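Engineer: Given only the sequences and the hints, what does the whole structure look like? Please build it.
From first to last, the protein sequence lines are chains A and B.
Counting in this note's numbering, the first sequence runs from 3 upward without gaps.
Counting in this note's numbering, the second sequence runs from 5 upward without gaps.
Each hint should be verified, as a subset may be incorrect.
Here are the in silico distance ranges between beta carbons for each label pair [stated by the list, open to error]:
| id | chain 1 | residue 1 | chain 2 | residue 2 | range |
| --- | --- | --- | --- | --- | --- |
| 1 | A | Asp222 | B | Arg109 | 43 to 51 Å |
| 2 | B | Leu24 | A | Asp97 | 40 to 48 Å |
| 3 | A | Ser170 | B | Thr194 | 27 to 35 Å |
| 4 | B | Ile184 | A | Ser71 | 26 to 34 Å |
| 5 | A | Asn177 | B | Leu92 | 52 to 60 Å |
| 6 | A | Asp117 | B | Leu99 | 35 to 43 Å |
| 7 | A | Asn177 | B | Arg109 | 51 to 59 Å |
Distance condition first, Cα-Cα at most 16 Å in a straight line; then the derived EDC-like pairs of lysine to aspartate or glutamate [claimed, not checked]:
| id | chain 1 | residue 1 | chain 2 | residue 2 |
| --- | --- | --- | --- | --- |
| 8 | A | Lys76 | B | Asp197 |
| 9 | A | Lys209 | A | Glu181 |
| 10 | A | Lys133 | B | Asp197 |
These aren't lab readings, by the way, just hints derived from the structure by calculation.
Quick caveat: nothing in here was measured; it's all calculated off a predicted structure.
All C-beta atoms in this analysis are idealised placements derived from N, C-alpha and C, irrespective of residue type, glycine included.
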Amino acid sequence: MPTDELLVVDDLNVAYGESKVLFDVSIHIRANEIVSCVGRNGAGKSTLLKTIGGFIKPTTGSIMFANTSLVGIKSYNIAKMGLKYIPQDKKVFSDLTVRENLELGSYATQDYNWDKVTEYFPKLKSLMERKAGYLSGGERQMLMIGRALLGDPQVLLVDEPTEGLAPSIVTQLQNVFLELSKKTALVIVEQNLSLVSAISERVYAVKEGRVVHEISDESDIKSNVCEQFL
Amino acid sequence: MVNIFRWSWGLLLAFFCLFLVRVFLPLPFANEILIFAIYTIGCNFLLGRVGFISFGQPAYLAVGAYGTAFYLFYFGSNPFVGILIGVLSGVAIALLVGPFFVRLRSDYFALVNLALAVIMFYLFEKILAKITHGDNGLWFLTNMTSTPIIDLGNPSDFFIFTFLLAFGVWALYKYLDDSIFGACCLATKTNEDKLKFLGYSNFNIRWLAFVIANTTTAMAGSLYAVYFGFVSPEITAPSRAADPVIVTLLGGVGTLYGPIVGAFAYTGMKDLISGYIANWELFIGLLLVFIMLAGEKGIWGTLEPILKKLIFKKKNSTN
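Structural biologist: Next comes the structure, spelled out in structure tokens:
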């Protein structure tokens, strides 16, 4: 295994009560790399991200982030360590304004530089005083990603970022992810294969809780190749 | 004038109106409103900001009251020291039970707090009867010494002191509402998982909110003790457990001035209606049902947007 790994998941097993969900999953992510996980609904992709983020405790296996084991560490401390999870459901704090949502991110990380957020998502500038509950799906996703960028995380775990979004927003997010990867590693769970093939440097195919295939050659990452795993 | 209900001018205006209560209405009524409003604001904060409904506020009220009463009955005579001890007792009980209670969901949180009120009632009435004098309570009005500048034994001075204290409490809650901590409380109410994604501990936020809210409640208990010069287990009677929740709903959940309006309405109706019929709670109940069916916003929650609209209209027309 290469030595420049930032995040290494090894033989990870996860169960919800008696029901086992992940079986001996091993993946690795290098700095500034975009890695995608593809697979059918219920394959265990989101569970994998949540387990890495500390929201689910694995039964066995290890998760090493910058040579520190994440197993047993509380999710909010993992976020503080620079590994941020962006959930699938796009639920922001709807009673708070966009500004207050960003302030929450800033206070937790003590990073008040919002220029990088508005640089990626200029639209947020004009929405600062709007309650997040009134944002569109695309705007919410911008806010969630923007908020996660505060504190300059080393890894972003992004769960189905383009689900239900208009094609123009998907294109915008695609460009943002590519730009972000200059500073941050991204692990993206996604079913939009054109996005996966456009931005990913490696792809893991997940099926029934197992990593069944890894495409490590960028030239092999094509929609029709990934499609067989859906 | 635009932000009169949002910024500190709103606070000054609210307390100016409250001071008028003193001018136009009897002093005992004004004192009772002030104490009741302080009693309710903790409950309002827990319910409106953190999403915790508590039917155990009388427990914290009693801890504050008995903290003050024990000092004034057994150890000293300075009412200010008594209040300080009552408030510190509130901090202590909230720090002690908070880590266990704030882990619970809102419905269980409500019940466990009610259980605490029941425990406190029997603790003060039976188990500690030797020192609390059980049902007879502790009388210490004559034990309290006069203090310079503000003499808390004098109802007029007591009003001034409680008025200033209430202003400080409201300024604190106003600050909390506008702070990151206030936003965190609201966020933990709406979606605790999302807060974890950002690196916050929901437990710490809830515990701190719990301590702040119940310390305020204990402060109200201390004020009750000093004002009446008497404390009995009745203060934590489970039958009165819903009072602060009712006042919160009456005033407007999560609104800054709801507790003042709610306390005014509740105390006013109690004093007015109880003069004619014994079961005055019936009218409070009917009013509450009406308020809930009319939009769950409470009196101030309904009035605030109307007043804001009027002020904005006036401002636009003058511009």
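Engineer: All hints are to be evaluated individually against the structure, with a verdict given for each.
Structural biologist: Against the structure, the hints come out as follows:
no. : hint                            : in the structure
1   : A/Asp222 / B/Arg109: 43 to 51 Å : 49 Å, holds
2   : B/Leu24 / A/Asp97: 40 to 48 Å   : 33 Å, violated
3   : A/Ser170 / B/Thr194: 27 to 35 Å : 29 Å, holds
4   : B/Ile184 / A/Ser71: 26 to 34 Å  : 31 Å, holds
5   : A/Asn177 / B/Leu92: 52 to 60 Å  : 57 Å, holds
6   : A/Asp117 / B/Leu99: 35 to 43 Å  : 41 Å, holds
7   : A/Asn177 / B/Arg109: 51 to 59 Å : 42 Å, violated
8   : A/Lys76 / B/Asp197              : 12 Å, holds
9   : A/Lys209 / A/Glu181             : 30 Å, violated
10  : A/Lys133 / B/Asp197             : 19 Å, violated
Comparing the model with each earlier hint shows violations of hints 2, 7, 9 and 10; every other hint is respected.
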